[in-house]
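Required output: the full structure, derived from the provided sequences and hints.
Chains A and B, in that order, are what the protein sequence lines are.
Residue numbering for the first sequence follows our numbering, beginning at 1 and increasing consecutively.
Residue numbering for the second sequence follows our numbering, beginning at 262 and increasing consecutively.
Please note: incorrect hints may appear among the correct ones.
Said to hold, decoys possible - In silico lysine-lysine, DSS-like type, Cα no more than 27 Å apart, as pairs:
#1 A:K67 / B:K475
#2 A:K56 / B:K474
#3 A:K198 / A:K29
#4 A:K125 / B:K449
#5 B:K368 / A:K56
#6 B:K593 / A:K147
#7 A:K201 / A:K67
#8 B:K475 / A:K125
#9 B:K474 / A:K80
#10 B:K449 / A:K133
#11 B:K475 / A:K56
#12 B:K358 / A:K56
#13 A:K80 / B:K475
#14 A:K56 / B:K362
#15 A:K133 / B:K475
#16 B:K475 / B:K368
In short, the hints are calculated from the structure, not lab data.
The structure displayed is predicted, hence computed values, not measured ones.
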Amino acid sequence: MQDNILEIKNLSKYFGGLAAVSNCSLKVKQGTITGIIGPNGSGKTTLFNLISGNLKSSTGNVLFNNKDITDVPSYELFSKGLLRTFQIAHEFTNLSVLENLMMVPGNQSGEKLMNALLKPGLVAKEESQIKEKAMEVVDFLNLSHLKNELAGNLSGGQKKLLELGRTMMVDAKLVLLDEVGAGVNRTLLKDLGTAIEKLNKEKGYTFCMIEHDMDFIGRLCDPVIVMAEGSVLFEGSVEDAKKDERVIESYLGRGSKLKDD
Amino acid sequence: MDFLNALILLLNYIFVPALAYGSQLAIGAIFVTLIYGILRFANFATGDMMSFGTMIAILFTWHFQSIGLTLGFLPTALLAIPFAILIMGSYMLIIDKFVFKYYRLNKSPPVQLAMVSIGVMFVTQAVVRIIIGPSDRRFFDGEKFLIKASEFKDITGLNEGLAIKSTQVITIVVTIILVSILFWFLNKTKTGKSMRAYSDNEDLALLSGIDPKKIVIITWMIAAILATIGGVLYGLDKSFKPFTYFNNMLPIFAAAIVGGIGNPFGAFLGGYVIAFSEILLTYAYKKFFMYVLPESMEPDGLIQLLSTDYKFAVSFSILVIVLLYRPSGIFKGKIL
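Rendered as structure tokens:
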């Protein structure tokens, strides 16, 4: 019996009169890689913003490990193990790639000014451990030649990798990936997929990912949730989703058929 | 000989004063730029916050003087600075808690926060005037000159003297120490890096587990240090008058914007750019040309490009030119 790591109950978000997410309810099971697909403007990213505390919901609840986290600010969710990446990559432009990764693990001793001044040894030790970890991540993502480059100078795809890298710096429980594959070349995309699977199997991360690439979804995700107009349209396996009339209609318009390869 | 005299003249009336004045502006500009970069609004209360910190330092100075506690040849005010910083910091945190916090949590647009800071400016200005009054106060004690113009003339045998006031040296030394510590803090410590990260990308910083409450408190504390020290140095070098401090906001903002607002190093350099431009443009060059030109070509007028009354016009013009042609400043800062 799998537990629900994330449960969303009747969540809504209005921007003025527009309901970006309306009465949306869904569950993500522990240990899965759940895909979220849907046409543009169907509220996928808004949903992520609501879960991760970047936006305040209008109505409804979000439960994470059966605890209510509705409207909990994002920096507190981080310590609970809920992380996310952004559709348009976010990075600290003025810090190097390595520093960007090293920024992630919270509660370092060096963050306390007193420690930085009085216990440089402790801080240095921790720093070197984090640095080692960051180096591993950088190697894994094939970014080691860019580790001292300012993150602002990376290409769009490289920034996406850095986004994924951030989630690898801590022991996350649930990671929300917002189009992590978009703008990444095919070869790297395969590696990304492998990385996600590995994190899922070996470290027990649960993933919830928004994606448009059906091949990528098909390879990784089970189940998939299809969203349309701010609420859930369909939930089930990828194969079923591709056959579902309502999904085809909302995704590709009436009368067309989704390619089945 | 004439050439040396001309050089000493420039050193005495332009270089040394501009270096000291520039340091004072630089500290204020870093204050503006930090608040802009991290709390994301233009703080119009800058000048009056500096005047508040200076007022507290003056009150402590008077107290120390009354109990006979002095620093010998150094001004007593230096002893008062740490106490003034503590009170200034509390004042800023109280203002933040009761005023700025509300707008920050509601994610108000920067313009609204800037307007709110004008309110804070009026209140702070009023508090200062109630406590210490609007008139000119001098609180300098200790040795006034490091080198007197007459001594310099005796030693070198030149016509022109070079007078170096101890406040000028104190200003420059304190600025160098303060700015070095600040840049070390921002670039090397974890807290400093999280502050830069927060300034760079707030959403991402929050998702990385950086606690915004801590960042805000540290930012105001650093602001209190900068405001108090900057204000006291200016007051020691010239004099303390609430209205002058309010007026200084213009060159300080100009310095922050010239350097690229949001960029502390830019603000630091911006301070000197503004100070040197103000003094170079308002100095009367008559004596200088008398030394360097042959007698037949001696000038009749003062050869002053602008009257000193118009020194604010200089910073204002620089501000307008920078905003028109390079709104991101010398170093790339956030565009206003």
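For each hint, the structure was consulted:
no., hint, result
1, A:K67 / B:K475, "26 Å, holds"
2, A:K56 / B:K474, "19 Å, holds"
3, A:K198 / A:K29, "18 Å, holds"
4, A:K125 / B:K449, "15 Å, holds"
5, B:K368 / A:K56, "12 Å, holds"
6, B:K593 / A:K147, "23 Å, holds"
7, A:K201 / A:K67, "24 Å, holds"
8, B:K475 / A:K125, "24 Å, holds"
9, B:K474 / A:K80, "18 Å, holds"
10, B:K449 / A:K133, "19 Å, holds"
11, B:K475 / A:K56, "22 Å, holds"
12, B:K358 / A:K56, "22 Å, holds"
13, A:K80 / B:K475, "19 Å, holds"
14, A:K56 / B:K362, "18 Å, holds"
15, A:K133 / B:K475, "26 Å, holds"
16, B:K475 / B:K368, "18 Å, holds"
The structure agrees with every numbered hint stated previously.
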